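These are the residues of each chain, in order.
There are 2 protein chains.
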Amino acid sequence: MKDAVVIAGGAGFIGTNLVSKMIEKQRKVFILDDLSRGAIGHLHELLKSPEVSFIKCNLANQIDCQSEIKNIAVLHGISEVWHLAANSDIQAGTGDPSVDLTSTFLTTFNLLNSLRQFNVGTFVFASSSAVYGNLGDRRLNEDVGPLLPISNYGAMKLASEAIISAACESWLKKAFIFRFPNVVGKPATHGILFDFQRKIKSNPNLLKVLGDGSQKKIYLHVEDLISAMLHVVEKINTPNVQIYNIGPDDDGVNVRWIVDEFLKIYKSNAEVEYGKTNKGWLGDVPVYTYSNMKIKAEGWAPTMTSQQAVTRAICENIDSL
Amino acid sequence: MKDAVVIAGGAGFIGTNLVSKMIEKQRKVFILDDLSRGAIGHLHELLKSPEVSFIKCNLANQIDCQSEIKNIAVLHGISEVWHLAANSDIQAGTGDPSVDLTSTFLTTFNLLNSLRQFNVGTFVFASSSAVYGNLGDRRLNEDVGPLLPISNYGAMKLASEAIISAACESWLKKAFIFRFPNVVGKPATHGILFDFQRKIKSNPNLLKVLGDGSQKKIYLHVEDLISAMLHVVEKINTPNVQIYNIGPDDDGVNVRWIVDEFLKIYKSNAEVEYGKTNKGWLGDVPVYTYSNMKIKAEGWAPTMTSQQAVTRAICENIDSL
Chain A
0 MKDAVVIAGG AGFIGTNLVS KMIEKQRKVF ILDDLSRGAI GHLHELLKSP
50 EVSFIKCNLA NQIDCQSEIK NIAVLHGISE VWHLAANSDI QAGTGDPSVD
100 LTSTFLTTFN LLNSLRQFNV GTFVFASSSA VYGNLGDRRL NEDVGPLLPI
150 SNYGAMKLAS EAIISAACES WLKKAFIFRF PNVVGKPATH GILFDFQRKI
200 KSNPNLLKVL GDGSQKKIYL HVEDLISAML HVVEKINTPN VQIYNIGPDD
250 DGVNVRWIVD EFLKIYKSNA EVEYGKTNKG WLGDVPVYTY SNMKIKAEGW
300 APTMTSQQAV TRAICENIDS L
Chain B
0 MKDAVVIAGG AGFIGTNLVS KMIEKQRKVF ILDDLSRGAI GHLHELLKSP
50 EVSFIKCNLA NQIDCQSEIK NIAVLHGISE VWHLAANSDI QAGTGDPSVD
100 LTSTFLTTFN LLNSLRQFNV GTFVFASSSA VYGNLGDRRL NEDVGPLLPI
150 SNYGAMKLAS EAIISAACES WLKKAFIFRF PNVVGKPATH GILFDFQRKI
200 KSNPNLLKVL GDGSQKKIYL HVEDLISAML HVVEKINTPN VQIYNIGPDD
250 DGVNVRWIVD EFLKIYKSNA EVEYGKTNKG WLGDVPVYTY SNMKIKAEGW
300 APTMTSQQAV TRAICENIDS L
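So the sequence lines, in the order shown, correspond to chains A and B.
No gaps in the numbering here: position 100 of the first sequence is 99 in numbering that gives the first Met the number 0, and each next residue is one more.
No gaps in the numbering here: position 97 of the second sequence is 96 in numbering that gives the first Met the number 0, and each next residue is one more.
Simulated from the structure, these hints should not be mistaken for lab results.
Here the structure is a predicted model, which means the values were calculated and not measured.
It cannot be assumed that every hint is accurate.
Since the list gives no way to pick one copy over another, a pair counts as held whenever it fits inside one copy or between any two copies.
To be verified - Only pairs whose alpha carbons sit at most 25 Å apart, straight line, appear in this in silico PhoX-like list of lysine-lysine:
#	residue 1	residue 2
1	LYS293	LYS55
2	LYS215	LYS173
3	LYS185	LYS198
4	LYS293	LYS200
5	LYS172	LYS69
6	LYS234	LYS24
7	LYS207	LYS293
8	LYS275	LYS172
9	LYS215	LYS185
10	LYS172	LYS278
11	LYS215	LYS295
12	LYS198	LYS293
13	LYS173	LYS278
14	LYS215	LYS47
Next up, chain A with everything else stripped away, as it sits in the complex:
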């Protein structure tokens, strides 16, 4: 019986939350993670479940990837693969393009090649709104083009989508590509709230903000993200590749609002120093409006707005200070 769920990147922020959900659903889970950005500490409680196994593995290494997938496939059968392993640091990839090449694209490439011989049915991929690049004020639905990502991060997410799509033509039965917005929650490993927390911890009197604060983006709580993905994967039986944006119903909040909210919750009087331009970093898309119409048409709805998600995530992580 094929019943194992492989979660690549399962020790990361989103992966940890997904593993937890899979345990609730009594699935047999194999976590593959190189612990470069994820942390074994995140899995401490989860690994107590007899149904969860952890394998340290660098999926960018073709031979390691192939050998671990083969072991799981032969011994347990693989029903689904969730590929959440990736570089999550956009700026690191701008300085050194090989970061996104190896951590994001080659992990996808190697996973697909390893799964091919075992006839795995379902492949789920964590893509990103970054594949859209900077299309100004156009509302981003799944069909817009041209796709001209402005970061290597976005480029290697798009490259991964493309190779998954090609696999569906030749051997892969079903693939789901989910384009994530900014996702917040616990355990934060990167992103604006993590950045603020790290900075306030090292200097309680000064908060240096990337960009001039006018950047306006949507934020989704990781709980809503996981519920969206599971909803679609469990409901949709169409073969071939399906793309879904996942996002809240609103058009987002700007960075200044997040700064105020953060300082309020932290009861901080820190001085705030903003950057000069509306780009927080090279490859940052300062403003975008997202469409979640397609996934809502499938019957899923977010439970939080961007503001609610951010507020909750700040509170959830405050203890880890």
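Based on these hints, arrange chain B on the given structure of chain A.
Only chain B this time, still in chain A's reference frame:
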């Protein structure tokens, strides 16, 4: 003075034709080619020009790529890079995805990384209608989505587009992405006419055709293709990345018409054996309609229809039988 033009894949079908045009324009040309699909024989006449140099180099090898680009950049200055090096055999890439990964994507990745430190201004990339995947009867203009290629060939062209786009955000001044249709002409190295010629040569009594003959595609003569690219590159000064479809004005011809035309010109009575389905191979997009409106708005126009291009290409290659 920066005046060297680097043509990666310059010993291939399209590359050879481009080199020839660059000689007419009295440009200093450096051809980089690993001769895996190109042939030094194609360059025999062209290399007589004192302005043309040939360097055998596998651009998928990062160190080789970097070292050759550095030599040219330091000694001559590089003004433009034309990246035409790629796998051209879609079927080979379906069987072994590493073919398109290395020959198409990693050549792009390494070229960009090598050029970064030399501040090269213009990068021209040979992309493909294959990035669109199979969008049925939608007219393919540069803005349609989603982009779900159905071959690794198309996937790695799209991945290349994406990484070029990201480079434009961080250091590259100007990039042109040209999406080619089927291109015909001399010296044919692959494609339907090359396939027919090879088969008729090995067995003059039987022509086995890939697919049922109903596939309908557009064909552009390589002369029109080169004139389109040069027109745009010489005219457009907008920084950043620009995408252009290149194609004829018509909606193409079907394979049955090409078979008849081929046999007529070859004065052949060979029996014709068609395949069973409308896909010539896995990853074949059997029918698509292309828009060339964007490039025509720039003032370029094709001189041949698909039929004229095919007829001329059959005649041009008949001597090489």
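- LYS172 and LYS278: within-copy, between-copy, both or neither at 25 Å Cα: between (40 Å within a copy, 19 Å between copies)
- Is it within a copy, between copies, both, or neither that the alpha carbon of LYS173 lies no farther than 25 Å from that of LYS278? Between copies only: 21 Å across chains, 37 Å inside a chain, cut-off 25 Å.
- Message: Regarding LYS207 and LYS293, is the shortest C-alpha distance of 25 Å or less found within a copy, between copies, in both, or in neither?
- Response: For LYS207 and LYS293, neither the intra-copy (37 Å) nor the inter-copy (44 Å) Cα distance is at most 25 Å.
- Intra- versus inter-subunit Cα pairing at 25 Å for LYS215 with LYS47: neither (40 Å within a copy, 59 Å between copies)
- Message: Cα distance capped at 25 Å. Does LYS293 pair with LYS200 within a copy, between copies, both, or neither?
- Response: Cα proximity of LYS293 and LYS200: none, with 40 Å in one copy and 53 Å across.
- Message: For LYS185 and LYS198, with the copy left unspecified, which applies at a CA distance of at most 25 Å: within, between, both, or neither?
- Response: within (18 Å within a copy, 62 Å between copies)
- Message: My question is about LYS215 and LYS295: at a cut-off of 25 Å on alpha-carbon distance, are they close within one copy, between copies, both, or neither?
- Response: Classified as within: same-chain Cα gap 22 Å, cross-chain 37 Å, threshold 25 Å.
- Classify it for me, LYS234 with LYS24: is the Cα-Cα distance of at most 25 Å met within a copy, between copies, both or neither? Result: close within a single copy only, 15 Å intra versus 60 Å inter.
- Task: Using 25 Å as the alpha carbon limit, work out where LYS215 and LYS173 are close: within a copy, between copies, both or neither.
- Result: neither (34 Å within a copy, 28 Å between copies)
- Task: Up to 25 Å between alpha-carbons, please classify LYS215 paired with LYS185: within, between, both or neither.
- Result: This pair counts as within: shortest intra-copy Cα distance 22 Å, inter-copy 53 Å.
- Item | Up to 25 Å CA-CA - LYS172 versus LYS275, copy category | Classified as between; 23 Å across copies, 48 Å inside a copy.
- Using 25 Å as the alpha carbon limit, work out where LYS172 and LYS69 are close: within a copy, between copies, both or neither. Within one copy only: 19 Å inside a chain, 45 Å across chains, cut-off 25 Å.
In this structure, the hints that do not hold are numbers 1, 2, 4, 7, 12, 14, in rising order.
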